[in-house]
Amino acid sequence: MAVKGLDIFKLTPKTNCKECGFPTCMAFSMKAATGAVAIDKCPYISDEAKELLSEATAPPMKSIKVGSGDAEMTLGGETVLFRHEKTLVHKNLFAVELSDAMSDDEVAAACAKLEKVHYDRIGEMMFVEVVGVRYAADKDKFVGLVKKVFECGKIPMIITVDADLAKAAVAVAGAKAIIMGATKDNAAAMVEVAKAADAVLGVTAESIEALHDLVEVIEKLGYKNLVLKVSDTSIKEAYANAVDIRTATIKGSDRTFGYPSVVFTNLLAPGDINMQIALASAFVLRYGSIIVMEEVDFNAALPLFGLRQNIFTDPQKPMRVEPKVYEFNKPTGKEPVLVTVDFALSYFVVAGEIERSKVPTYLAIPDAGGYSVLTAWAAGKFGSSVIANFIKENNIADLTTSRKLVLPGKVAVLQGDLAELLPEWEIIVGPNEAMQIPKFLRDMQA
Amino acid sequence: MPYKKTELKFSGKTNVCEIGVGDAAISIGGEKTLLFLGDEGFKPAVGIAITDSTEDWSDCFTTIYGADLKNPAAFAKAAVAKSGADFLLLNLASADPNGADNSVANCVATAVAVEAAISIPLVIEGCKNAEKDAKLLEEVAKALEGKNVVLFSAVEDNYKTIGAAGGMAYGQKVCAESAVDINLAKQLNILLTQLGVKSKDILMDVGSAAAGYGFEYVASTMDRIRLAGLGQNDESLQIPIMTNVSNDSWGVKEAVAPVEDAPEWGDQEARGIGMEISTAAACVVGGSNAIIVRHPESAKTIKSLIAGLIG
Ligand code: B12
Ligand code: SF4
Numbered sequence: 000m001a002v003k004g005l006d007i008f009k010l011t012p013k014t015n016c017k018e019c020g021f022p023t024c025m026a027f028s029m030k031a032a033t034g035a036v037a038i039d040k041c042p043y044i045s046d047e048a049k050e051l052l053s054e055a056t057a058p059p060m061k062s063i064k065v066g067s068g069d070a071e072m073t074l075g076g077e078t079v080l081f082r083h084e085k086t087l088v089h090k091n092l093f094a095v096e097l098s099d100a101m102s103d104d105e106v107a108a109a110c111a112k113l114e115k116v117h118y119d120r121i122g123e124m125m126f127v128e129v130v131g132v133r134y135a136a137d138k139d140k141f142v143g144l145v146k147k148v149f150e151c152g153k154i155p156m157i158i159t160v161d162a163d164l165a166k167a168a169v170a171v172a173g174a175k176a177i178i179m180g181a182t183k184d185n186a187a188a189m190v191e192v193a194k195a196a197d198a199v200l201g202v203t204a205e206s207i208e209a210l211h212d213l214v215e216v217i218e219k220l221g222y223k224n225l226v227l228k229v230s231d232t233s234i235k236e237a238y239a240n241a242v243d244i245r246t247a248t249i250k251g252s253d254r255t256f257g258y259p260s261v262v263f264t265n266l267l268a269p270g271d272i273n274m275q276i277a278l279a280s281a282f283v284l285r286y287g288s289i290i291v292m293e294e295v296d297f298n299a300a301l302p303l304f305g306l307r308q309n310i311f312t313d314p315q316k317p318m319r320v321e322p323k324v325y326e327f328n329k330p331t332g333k334e335p336v337l338v339t340v341d342f343a344l345s346y347f348v349v350a351g352e353i354e355r356s357k358v359p360t361y362l363a364i365p366d367a368g369g370y371s372v373l374t375a376w377a378a379g380k381f382g383s384s385v386i387a388n389f390i391k392e393n394n395i396a397d398l399t400t401s402r403k404l405v406l407p408g409k410v411a412v413l414q415g416d417l418a419e420l421l422p423e424w425e426i427i428v429g430p431n432e433a434m435q436i437p438k439f440l441r442d443m444q445a
Numbered sequence: 000m001p002y003k004k005t006e007l008k009f010s011g012k013t014n015v016c017e018i019g020v021g022d023a024a025i026s027i028g029g030e031k032t033l034l035f036l037g038d039e040g041f042k043p044a045v046g047i048a049i050t051d052s053t054e055d056w057s058d059c060f061t062t063i064y065g066a067d068l069k070n071p072a073a074f075a076k077a078a079v080a081k082s083g084a085d086f087l088l089l090n091l092a093s094a095d096p097n098g099a100d101n102s103v104a105n106c107v108a109t110a111v112a113v114e115a116a117i118s119i120p121l122v123i124e125g126c127k128n129a130e131k132d133a134k135l136l137e138e139v140a141k142a143l144e145g146k147n148v149v150l151f152s153a154v155e156d157n158y159k160t161i162g163a164a165g166g167m168a169y170g171q172k173v174c175a176e177s178a179v180d181i182n183l184a185k186q187l188n189i190l191l192t193q194l195g196v197k198s199k200d201i202l203m204d205v206g207s208a209a210a211g212y213g214f215e216y217v218a219s220t221m222d223r224i225r226l227a228g229l230g231q232n233d234e235s236l237q238i239p240i241m242t243n244v245s246n247d248s249w250g251v252k253e254a255v256a257p258v259e260d261a262p263e264w265g266d267q268e269a270r271g272i273g274m275e276i277s278t279a280a281a282c283v284v285g286g287s288n289a290i291i292v293r294h295p296e297s298a299k300t301i302k303s304l305i306a307g308l309i310g
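So the sequence lines, in the order shown, correspond to chains A and B. Quick note on numbering that gives the first Met the number 0: the first sequence kicks off at 0 and runs consecutively. Quick note on numbering that gives the first Met the number 0: the second sequence kicks off at 0 and runs consecutively.
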């Protein structure tokens, strides 16, 4: 923390009135300096003093809002380097890049892809959030593309170093669009444009040292709504930049670098989508905040969005669903019962497949500790007695006249024991993977 | 203030484990800092996987390998040629007593034939039945004495046999497998060293999952292991990590669903490669020292990712 307890102490009236819940002003000041208690718990510190302090006691990495309305997202605000230390708070965003050099057909195809790759994964919508538009030669077309991006509900990233052009583009881009960006040569003009439009300004420089200097210049010009572009000259430099910038912020309390990063994998590996997938995956783990790709089709989206969803889950919050009997596709009291665990991921995968099958079904979920099928089984939380007790205690035999109970294929070993514990029921071993459930259910129906 | 790099301090170093023999030998491990900035000993190796049981393998591999798919030695040669991998993993799933239950003698013969067919280091994966793998990997170790292969893997239930045969009697390397848990990984490493296996002869498989399928646990397990080994100098965790992402990546719906089942998802092979590359790349920056993949394209991409990071 840049601010010391003594600095805060000087701003209190030193009356030890205890209203803040601390025995002395000094005790309060020491705690406040660590960020453990909010400054405004002392009613006697002036508003100006608070403002000064809240800046100094805020986490070193700023939270930056990008986009407006439904498209609004928050980046940054991270307090740790590794998710197990606490949690990562704001997932990275994915972006694709268009340009006025593309033909209308190419732009149309890219837009169609953006619309197509838009789906639900475990209760969260997956889609590309940001679309970069790079200026090549045609100013009108460029501005038109930015407008189109905004109208499609994406967050525009205006890629040009021409401040006048940026001004024209940002006027049609909605609030909190991203302008990429400011260089040492155009900083003052770009700051003015960004300020007037309430846009997020991307800062670019040819080295990490120069980037640091430029951020200081821009902050002095009064703008702190920034994102930082990591190098695009080589993979080595891009990765080292992303790691060094985040490390300086989190471990070195270097507030100048306390901004989200932007990584252009499309410039690091042009034309090589597999390499872009590899790079994007590396940057999901290691400190890319906006990750730009040439295009995002399902071969890239499925792994990348899944990986991001994993990495940005809060390790302090178990992802569980409520143990109970769930109904799918309107069962009528005579359909079979499937069994799975209360781990949210397992539940959503299985639920999605049952829905896809359109076959009416019951899904019984005992308390399995919130673990996946094999983890729960190995931990002794998803054994035959757990399942049998759940079936009995919930009177599932009254719910349906069917006596078919389907186990996940991965715990086929439970079949024999369960058959003994639930003699009325026919214990059926289902497939190993949820994706085989639709065929399995349809075959069973036949 | 001008920029000043924040250096994280590391006192430990990951062991270097040499696999293979002669000119073909490679070193795994040896990094001295976390976050793998391309220097300080960072250079993960990339392995290509083959198997003696290809029933569950996607159709794209039939297109790639043709008839070689049914002949492990030819399969191995083709895999090395097509992928440019640093080492090869031979999976002996046919040994599974709950599956084909192929005899130990047959499997050993396969391993010997594959070893003779290639000139890069070899990793032999059992069938993941602890009892059978103990017998199988012991015999493999014996038959390939002097070849410095990796026995993949020893688990709590069979580490004594595999450790004694592999690491000690026949001078092979032993991979210690645990289930995404730093304490289990540590414990098995300690058990193996107490048994008498030298720590430079041990690798560890700390578990894996496909991107999107519980990978956060894998990522955090790797982070914690590397922080303990490099940051706190915990010697029992300074063992190089070997991760086989091929089975998980090619087993999930994203890779397995045929185009008819998921027409909007497009080309099935591209999806499988995407899953594999994403998972492998995440392991590279997580601190895995040897990544094993199935598709030659994945191997090439991960090799160039590593080359790019090293610069
Ligand atoms: C992440 C993970 C963990 C996490 C837990 C995450 C969680 N909430 O479950 C942690 C780190 C805590 C963990 C702990 C342990 N784990 Co664990 N873990 C994994 C890992 C890497 C991924 C699991 C996962 O998320 N899978 C994804 C979900 C969606 O899969 P799923 O639930 O099986 O669902 C699929 C199918 O089963 C099917 N399905 C599900 N329900 C149904 C229902 C029907 C009717 C049908 C038809 C299909 C179906 O659909 C899904 C998709 O296809 C696996 C290895 C791997 N790569 O799979 C090991 C693994 C499951 N763990 C294992 C073990 C041994 C353990 C421990 C016991 C280790 C230990 N000794 O402490 C502990 C147990 C916990 C404890 N003691 O407290 C072993 C199990 C070995 C075995 N065969 O029995 C595995 C396989 C690793 C290994 N290779 O050794 N683990
Ligand atoms: S409320 Fe303010 S004045 Fe009162 S004890 Fe706390 S810090 Fe001191």
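Keep in mind that the hints were calculated from the coordinates and are not lab data. Because the structure is a prediction, the values reported are computed rather than measured. Check the hints yourself; a few may be wrong.
Which stretches of chain B does chain A cover? Using the computed rule of at least three CB atoms under 8 Å from a CB of chain A, they are [stated by the list, open to error]:
| hint | segment |
| --- | --- |
| 1 | 129-136 |
| 2 | 199-207 |
Derived PhoX-like pairs (lysine-lysine); straight-line CA-CA distance at most 20 Å [what the hints assert, rightly or not]:
| hint | chain 1 | residue 1 | chain 2 | residue 2 |
| --- | --- | --- | --- | --- |
| 3 | B | 3 | A | 250 |
| 4 | B | 127 | A | 409 |
| 5 | A | 250 | B | 199 |
| 6 | B | 127 | A | 235 |
DEER-style ranges, computed between Cβ atoms [as the list claims (entries may be wrong)]:
| hint | chain 1 | residue 1 | chain 2 | residue 2 | range |
| --- | --- | --- | --- | --- | --- |
| 7 | A | 122 | B | 265 | 23 to 33 Å |
| 8 | B | 306 | A | 205 | 32 to 42 Å |
| 9 | B | 40 | A | 205 | 46 to 56 Å |
| 10 | B | 231 | A | 5 | 30 to 40 Å |
| 11 | A | 191 | B | 180 | 46 to 56 Å |
| 12 | B | 262 | A | 444 | 18 to 28 Å |
| 13 | A | 152 | B | 180 | 50 to 60 Å |
| 14 | A | 122 | B | 180 | 19 to 29 Å |
| 15 | B | 167 | A | 422 | 48 to 58 Å |
| 16 | A | 79 | B | 199 | 32 to 42 Å |
| 17 | A | 333 | B | 111 | 53 to 63 Å |
| 18 | B | 306 | A | 208 | 24 to 34 Å |
| 19 | A | 323 | B | 127 | 31 to 41 Å |
| 20 | B | 265 | A | 183 | 38 to 48 Å |
Glycine included, each C-beta is placed from N, C-alpha and C at the ideal position.
When the hints from earlier in the document are held up against this structure, which numbers fail?
1, 2, 5, 6, 8, 9 and 13
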